[in-house]
Structure formats: structure tokens, C-alpha cells
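*Asks:* Residue numbers (my numbering), protein chains in the order written: chain C, 1 to 237; chain G, 1001 to 1292.
To be clear, the hints were calculated from the coordinates, so they are not data collected in a lab.
Predicted model only: the values in this text are computed from it and were never measured.
Treat each hint with caution, since some may be false.
Restraint ranges, calculated between C-beta atoms of paired labels, are given here [said to hold, decoys possible]:
(1) C/78 x G/1065: 39 to 47 Å
(2) G/1095 x C/186: 24 to 32 Å
(3) C/17 x G/1278: 52 to 60 Å
(4) G/1061 x C/111: 39 to 47 Å
(5) C/69 x G/1261: 22 to 30 Å
Here's a subset of chain G near chain C, in silico, CB distances under 7 Å, partners left out [stated by the list, open to error]:
(6) 1121
(7) 1123
(8) 1172
(9) 1177
(10) 1178
(11) 1179
(12) 1180
(13) 1182
Glycine included, each C-beta is placed from N, C-alpha and C at the ideal position.
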Amino acid sequence: MTTLLTVKDLRAYYGQVQALHGLSFSLNEGSLTTLLGANGAGKTTTLRAICNMVRSTGGIEFDGKPLNNRSTESIVRFGIAHVPQGRGTFTTMTVEENLQLGAITRKDSAGIISDIERMYAHFPVLKQRHTQQAGTLSGGEQQMLAVARALMLRPRLMLLDEPSFGLAPLVVRDLFGILGKINREDKVSILVVEQNAQLALELADQAYVIETGRIVMSGKAKDIANNEEIRKSYLGY
Amino acid sequence: MELFTNQVLAGIATGAIYACMALAVVMIYQAIDHLNFAQGEMAMFSTFISWQLMQWGVSYWAAFLITLAFSFVAGIAIERILFKPLVKAPVLTNVAGFIALFAIINSSAGLIWDFTIKQYPTPFGSSPFLGSQLISTHQAGMIGVTVLLLLGLYFFFQYTRIGLAMRAAASVPESARLVGINTSWMIALGWGMATAIGSIAGMLIAPVVFLEPNMMGGVLIYGFAAAVLGGLSSPFGAVVGGFLVGIFENLAGTYIPGVGNELKLPIALALIISVLVVKPAGLFGRHIVKRV
């Protein structure tokens, strides 16, 4: 199995405040990896550092190529799609325009059109609402839209920041089911940050636990889920 | 009744110009959240360029197109050189930048072409339009060119990828970067387009107000009034606002005793203040609600 993403000794700063203290991990091609941890542990910052949305030092390599010092918009062109916390919906635009924006860096218009249809097959609710302003969708629908928008890039790696946030448990189940399917069938590697550890561990194959900006635990998702000590001390369930 | 129709049509014609200026102002406001006080001077300078080209023997429409291209490039250059470095600067720094730009362009135009009033040609002539005494061919031309411009812009923003990218960059910059849009260049492109739109307004109004370095002062204030009336967050509102302000200005000048031509400008300022007090978001603008 080849390594797709390597993060080495990552340190990130918000102004004078250091949020990550030398964080290292890696992600294999085709895997679904989860980063777990409490509020403020540095999960979101890690994703933001990968896309150069926060000042950071250390090594970030994607498919053997360094990502440091590249702009956010050029990192997207490597095939990294980032679904930010809060979903980042273009609320004043239609659902279909949101999907088109996901593919804005692509040049194959025929492929884009067929991919939009593919997204409607994945998420039928988006087809029903395709001319509607995206801001009028419910939270769950907007999260579906955000995932679909990211997939429109035909990414090799998808970064998901708290996809379950603010969603009803049933909707979350649905969404995670779709994520697993995308991972298996479309061969998209996924790095998902979650507070809902139980659910994320069911879905993922690899897991890392972050505490105050450092990796404190790593291993197969199954093993971490089965280790009562880790669960109690870090994951709170 | 004929006087009324006449004034409304004349109002629509000048309103077309205010609509262009308002649209230019709103485009830049959407991109960088600041009002471009120098929009009028930029349009004036462009108009002088076209005049100079015609003095050198270039035909009207060739000069028109060359000026559009020049304005587009100049707008991008101004953004890259002056305002890109100010992206994270406080509001007042930006305001100072706009005032500096205003003064620099105004004085340069005076230095190059001096402050005497010049005649500016119209390609449409100024005979009665279709034999009617209500509106002149130049006024009809002003409306026609503006309508064409608006249709073109609508098509561009609604149906082209780059238009879609520009809208995305203006509405949610962070998400736009995350789908791979170079938002910084989209802002520069917005400046280029706004400057070109402003130059059209300048070239169309110059036969009416005559060409001189201060020709756009009043026009820009009406443009601001139009943008505020329509809502600074709505390009559509800016256009509607432009036409409304044009009509309102003419009717007030004709029917309200004592306003005449001299007090027309205070009317625009009164309009700005009233809208800001009564309905700050304007007719078509969205209220910006922020979670705290």
C-alpha cells in the first residue's frame, strides 16, 4: 500500500498562539482515516494547515510532492478537496451552481455534466432542489451538497471537517454510509475529522487521536474502538 | 403631460449613466467591501483617452473600443499596485488610498489636458429620436448602449465559468479558494470590468456635461445614491436604483419649486441619507446577518 499523504512535525500558529506542536501522521492511498480528539485539540487546524489556510511549519507531502508554501487554490489542483467546518456553502447560488463550482478547475465539460448527474444519483435530494438557492437547504442537505461539491473535483483525497456537526443522528448515519461507499467505489481516500468518535471509528480503517496539538494514539480503527482504556480517557464514551 | 413624459425619458437616459456608475461601484464594493471614491475620476480619465484618440484621427467606435481595453487593463493595474497591498489594512487606510487615487487622477488629467471645457462628440447625433420631440437620438443611444451592456454582463455572470467563479469569490471567498478559484485575481478582474463599465458611462455622458477633469463629480454622487438606493450588495438593485435616481432627479428639478438645476445635487445627497436612515440595506440589498 502506498502512502498518499505524509505530515511531519507540523506546527501551526494563530498569531502568537501555537495550535499544533509537532504533529506527524500519514495516510495510505485508498484509506479512510479519522482524526479524533476533543474540542480545541487541533483537528480543524490540521486540515487547515494541509490546505495552507493557517501559518504552519513542518513537512506536508502529497503523493511525494511537498505542499508547503503553495496557495490554497493551487493545492486544490493536486486533487485535494476540503469540506470545511460549517460546510462553506455558496448560499446565494443555486444547488447546481454549487456543484459546478466544485469542478471549476476542471476543463472536461462533458465529464462535469455526467458527474453532476452522478452526484444526483448519490444524493437524490439535491436533484429535487437543483434550481433552489443553496442557503435554503436544511443542514443535512447542505452537508450532502458540500460532499457532492468536493467530489465534483474528482479528488484523490477528500478532507472532511466534522461532517456530523449539527445533524440529526439518522442523517449522520446516511451521510457516513455514503462516505464509505464513495471511499470503496470511487477509490477516494478520505481524511475525516470527527468529535463523534464512535461513529467515525465504525467507518474508518485508520485512526489517530490528537490531544493539545500532538498525536497521542494511532492504530487501526477497530483496535482503538476495542481498547476500553483509550476510549474512556480520550474519546469519552 | 408632455413635459412629464419628456422629463421621465430624459431621466431614464441620464439614469442609464448613473446605473453604469452604480454598477461599477457595487462590483468593487462586493469584491473588497470598500466604496471606490475615485470611480468617477477613473471614468473621466478614460474619457479623455478616447477624446485624445479621436483628436489623433481615430474614429469614434475604434476609440471607444480601445478605451474599453485601456480601462480594463488600467483597472487591473490599479488594483495590483495600490489596493492588493491594502487587502488587510484598516478601512481608513483604504479610504486614504481612494482619495489619493482621486487626487492623482484628477490632477494628472488637468496637467495633461488642462482644465478648459471641451466638446465631446456623440456618434448618435442629437436630432429628435424617430421624429419625436420627447427624446434625442443621443439620449436613446445612451439607453441603448447601457441596455446592451447590462444584457452582456448578465449573460457573463450567469452563464460563463469565469463569471460563476467571480460571483463565488465575491460571496464566500474562503470556499472559493477551496474549490481552486484564485480569488485575488478575481478581485483584479472585477476592478478591470468596473473600470471599463465606468469608462462607458464617461464616454456616454461627456457630450452632455462636456469634457473636463471635474465632469464626473456630480455623476458619481448620483451613482452612489443609486447604489445605496438599490442596495450595495445587489448589482441588479444598483441598476434599478440608477434609473430611479435619474427619473427622480429630473422630476424634482422640474416640479419642486426652488430646486431647478442648482439644487439637484443636494437632492441626491438627501436621498442617500434618507435611504441609509429608513432602509439601510436598500431596495434589493440583503441584510447582512452575522452570527456572534
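*Asks:* Determine which of the earlier numbered hints do not hold for this structure and return their numbers in increasing order.
*Replies:* Those not satisfied are hints 2, 3, 5, 6, 7.
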